Amino acid sequence: MIEVEDIHFTYPNNVEALRGVSLVIKNGEFVAVMGQNGAGKTTLVKHFNGLLRPTKGIVRIDGVETTKTSVAALSRNTGFVFQNPDHQLFSETVEAEIAFALKNFGFEEEVIEKRITWALNLLGLAQYKKTSPFLLSGGERKRVALASVLAWNPQTLILDEPTIGQDYQQKEKLRQFIVQMQAQGKTVVIVTHDVEFVAECSPRVLLMKEGIIVADGEGREILTNPEVLAQSSIVLPQIAQIFMKLTPLGLPKNVIDVYEAKEAVLEMLEKGRK
Amino acid sequence: MSVFDGLRFRKVYSPIHNLDPRVKFIYVCAVFVAAILFGEILPLIALFLMSIPFVLLAGVQKEWLRSLRGAAFLATFIFLVNIASSFFTSGYVLTAANVETAAAMTLRFVVLVESFSVFFLTTSPDHLGLALEQSRVPYEFAFAFTTAVRFVPVLAEEAQTIMDAQKARGLELEKGGFLKRIRNYIPVLIPLIVSAIRRSLELAEAMESRAWGATKKRTNLYALKLLRGDFALLAINVAVLAVAIYVRLYVPVPTLSKLFWV
Numbered sequence: 001m002i003e004v005e006d007i008h009f010t011y012p013n014n015v016e017a018l019r020g021v022s023l024v025i026k027n028g029e030f031v032a033v034m035g036q037n038g039a040g041k042t043t044l045v046k047h048f049n050g051l052l053r054p055t056k057g058i059v060r061i062d063g064v065e066t067t068k069t070s071v072a073a074l075s076r077n078t079g080f081v082f083q084n085p086d087h088q089l090f091s092e093t094v095e096a097e098i099a100f101a102l103k104n105f106g107f108e109e110e111v112i113e114k115r116i117t118w119a120l121n122l123l124g125l126a127q128y129k130k131t132s133p134f135l136l137s138g139g140e141r142k143r144v145a146l147a148s149v150l151a152w153n154p155q156t157l158i159l160d161e162p163t164i165g166q167d168y169q170q171k172e173k174l175r176q177f178i179v180q181m182q183a184q185g186k187t188v189v190i191v192t193h194d195v196e197f198v199a200e201c202s203p204r205v206l207l208m209k210e211g212i213i214v215a216d217g218e219g220r221e222i223l224t225n226p227e228v229l230a231q232s233s234i235v236l237p238q239i240a241q242i243f244m245k246l247t248p249l250g251l252p253k254n255v256i257d258v259y260e261a262k263e264a265v266l267e268m269l270e271k272g273r274k
Numbered sequence: 275m276s277v278f279d280g281l282r283f284r285k286v287y288s289p290i291h292n293l294d295p296r297v298k299f300i301y302v303c304a305v306f307v308a309a310i311l312f313g314e315i316l317p318l319i320a321l322f323l324m325s326i327p328f329v330l331l332a333g334v335q336k337e338w339l340r341s342l343r344g345a346a347f348l349a350t351f352i353f354l355v356n357i358a359s360s361f362f363t364s365g366y367v368l369t370a371a372n373v374e375t376a377a378a379m380t381l382r383f384v385v386l387v388e389s390f391s392v393f394f395l396t397t398s399p400d401h402l403g404l405a406l407e408q409s410r411v412p413y414e415f416a417f418a419f420t421t422a423v424r425f426v427p428v429l430a431e432e433a434q435t436i437m438d439a440q441k442a443r444g445l446e447l448e449k450g451g452f453l454k455r456i457r458n459y460i461p462v463l464i465p466l467i468v469s470a471i472r473r474s475l476e477l478a479e480a481m482e483s484r485a486w487g488a489t490k491k492r493t494n495l496y497a498l499k500l501l502r503g504d505f506a507l508l509a510i511n512v513a514v515l516a517v518a519i520y521v522r523l524y525v526p527v528p529t530l531s532k533l534f535w536v
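Heads up: the protein sequence lines correspond to chains B and V, in order. So for the first sequence, our numbering puts the first residue at 1; every next one is plus one. So for the second sequence, our numbering puts the first residue at 275; every next one is plus one.
Calculated directly from the structure, the hints in this document are not laboratory data. In this text, all values refer to a predicted model and were calculated from it rather than measured experimentally. One thing to keep in mind: the hints can contain errors.
[Said to hold, decoys possible] Facing chain B, according to a computed beta carbon distance under 10 Å, are these residues of chain V, among others:
hint : residue
1    : Ile436
2    : Ala439
3    : Gln440
4    : Lys441
5    : Ile460
6    : Pro461
7    : Arg472
Even glycine gets a Cβ: it sits at the ideal position worked out from N, Cα and C.
Based on the sequences and whatever the hints tell you, model everything.
Here it is, written out as structure tokens:
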């Protein structure tokens, strides 16, 4: 459980990135943090594993204040996958890359071996076990970075811009993977600009602007509210745009994913036929 | 990183910032030569004090102090090594003269750091590139130099991100003995170097796609011209060098210990 109480954060160069943010993320929740560049999204999630400590206010992870413990200790339960995989890959092989964190957390040799195989299979990287991560494509490097965090099976997973540089198929896999994580009761927090991806997953959405949260609620409600979205310079998902324009025909307003859209259109067509 | 902070340019305007970078560089060289000429503490103190008016005029006291603080570790090291070596060579006694020489050597280092930091704090990378070009340094080298200077803060920021990413994977930089701690930095250094190389390749491609080096003869929008202030500083430089060389050759420089104890 992540509890944030009225936190403020100012960077050393006096940029005030957070100006009073409060929220609670319960275990098993799936949250998407959205907002324009510089809204404070990454700054906020960096508080969830102690990489940043609030200049004012309190952050508690499972009841423990982040100021009273180390990043390494918090990371055991909160995995953080950075936006750019090149900021963390350094090993000679993909296998060694994944083993790095496991060794840091003191897992035993046999367990490490098993976890590596498990993580590689999960992300379709098994054939690259002995390859150098630097020889992989951008999307593959991103998956190696994700695998290297997943391997220690943290309770909470924070993904900073996970969909950047991924093709449609990989995005779909990522979505299924998040669903799977949720089924296991894991907490997933993603930071993203990808409205369509969020529309497909329909998580709880936290909308940020200039260091505060301007909207917090169901993805379906927030992503179909043009006034709220305009504040954060986010455009509605394409399906919501179409349905918004077709409300005079009797279509519902708050539709964001393809399946639901199909059902609604079919229903309307049926009615029309009668 | 504090040493780098002391060398980082911030855009402000002052009489010192507006001076011609070439003349400022000659000043650095003059101080450098003078500092090398003397091993005695008195002239070095004079050299140290000489830069302070420039610092005050430029209004960069805070950054300047930070760069001195950054140099403090190395300065202490130089002082201790000098003390130790004179202690062992002069038959295990510590004389006032020895301490003074050690202090002078340390001060020589501090004077060099001081003058370089004044130079970099008051000279913008653009100005510097312009100066190099107009001193007939081939444009390729001038460009490489200014680019390197400009990317220092970018790399510092990137290093921070990489440290964060590795900490999030359970790396504890401050854990273990001396050797272990050095090894701890491998997961930070490799991504930093790799991404620096990658960035340089990308930069090269971006530059070539914008016709970098298409013409052999480049022209500049701004040209450096020596103004009254520049000539004044040039005169100061010549005077400093002349006095330093004259004193070195014809005036015996007293040491503090002789002045006070004999």
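Hints versus structure:
Checking Ile436 (chain V) against chain B by beta carbon gives a least distance of about 5 Å; that is within 10 Å, so the hint holds. Because the closest C-beta pair between Ala439 (chain V) and chain B is about 4 Å apart, less than 10 Å, the hint holds. Residue-level restraint check for Gln440 (chain V) holds (minimum Cβ-Cβ distance to chain B is 6 Å; threshold 10 Å). Given hint, Lys441 (chain V) at the interface with chain B, holds; its Cβ is 5 Å from that chain's nearest Cβ, closer than 10 Å.
Satisfaction of the interface hint for Ile460 (chain V) is found here, the shortest Cβ-Cβ separation to chain B being roughly 7 Å, below the 10 Å cut-off. A cut of 10 Å between beta carbons decides the hint on Pro461 (chain V): the least distance to chain B is about 5 Å, and the hint holds. Look at Arg472 (chain V): its Cβ gets to within about 7 Å of chain B, closer than 10 Å, so that hint holds up.
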